Structures are given as C-alpha cells and as structure tokens.
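Engineer: The sequence shown lines up with residues 12 to 158 when you count with this note's numbering.
Check each hint, because a few of them may be wrong.
Unchecked claim - For each label pair, taking beta carbons as the anchor points, the in silico distance ranges come out as:
| no. | residue 1 | residue 2 | range |
| --- | --- | --- | --- |
| 1 | Q143 | R28 | 31 to 39 Å |
| 2 | E145 | T21 | 43 to 51 Å |
| 3 | L104 | Q143 | 51 to 59 Å |
| 4 | L147 | T114 | 44 to 52 Å |
Derived from the structure by calculation, the hints contain no laboratory data. The structure displayed is predicted, hence computed values, not measured ones. Built from N, CA and C at the ideal position, the CB exists for glycine as well.
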Amino acid sequence: MDALKTQIFTLNQKVDRLYELVDRLSEKISVALSDYPVRSESSQTSIPQGVALRENYLLPGETEELHLLMDHKDVLGDETHIEIGGSNTENPLTPEIQIQRLTAQLTAAYNRIAALEEQLLSRTDASSLSTQRERLRIASQHDTNEP
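Please model the entire structure based on the sequences and the hints provided.
Structural biologist: This is the structure we're talking about:
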C-alpha cells in the first residue's frame, strides 16, 4: 500500500511540474503573440486556429469548444484534484484508478507541451520568414528605383 501511495505522490508531483511548465510556455507564447492583432469578427487578420491561448483571443462560440477540448475523462481538473491523505466525502478512488488517471493526465500534459512548443516554433519560423520576405521586397524596390 505504501508503494502505491509513493507512486501516486510521485505522479502528483510530476503533474504539478507539468502544469508549471505549461503555464510558463503559455506565457512565452503569449509574449510571442503580443505583436499580432487580436481576432475580431470584423477583422480579416486573425490568429491562426490553435494558437489562441487565452479566452480574450477567442470568439464567443470558440470558448466552449476550447473547454470541451481540454476536458478528458481521465484528466482530473483542478477543482477535483484529490490530495493524498485528505478527506474526500465523495466515493474515494482506488489507488489503481488514481494511478491510471494521473498517468493519463501526465501523458496529456506532455502532449500539450509538445503542441505548444510546435506552435511557438512555427510562429517563430513564420515571423522570421515574414521578415525575410519584407527585406527582399524592400531590396527589390530599391533595385528597381536605381538609375
């Protein structure tokens, strides 16, 4: 029984660290996105799908869609987080189920981190490509204006 509690405690710590990593990565992506306009219904420029990390970047219907994507039967939300040794008046989960759920949550967090890293890299690549195109455009204009 002690081995199971140790395993659960270790998984809880890993999940907590992953939440911290996701928060830091989200902040970095938010900083990277700060140069881009916020999407509005009347605007033609928009943040690509999947890049919007905060609800203020989303249109009203998209907020619910984001919450549905983030919910998963094996992922314990913050409001349902079960503390080891804590008193829970609901039906307690068996250690095996807790381990399965925490493992699924850990896997989901790793996948989310990978997706956020890909978004950040693609945003950085797109930004540098855009800068290179602008430089080429300016250079070609300069070349055509010379006598």
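Engineer: A separate judgement is required for each hint: does it hold in the structure or not?
Structural biologist: Hint check results:
Look at Q143 against R28: about 37 Å separates their beta carbons, and that is inside 31 to 39 Å. A C-beta distance of roughly 50 Å is found between E145 and T21, which places it inside the suggested range of 43 to 51 Å. For L104 paired with Q143, a C-beta distance near 53 Å keeps the hint of 51 to 59 Å intact. In this structure, L147 and T114 meet the distance hint of 44 to 52 Å, their C-beta atoms being roughly 49 Å apart.
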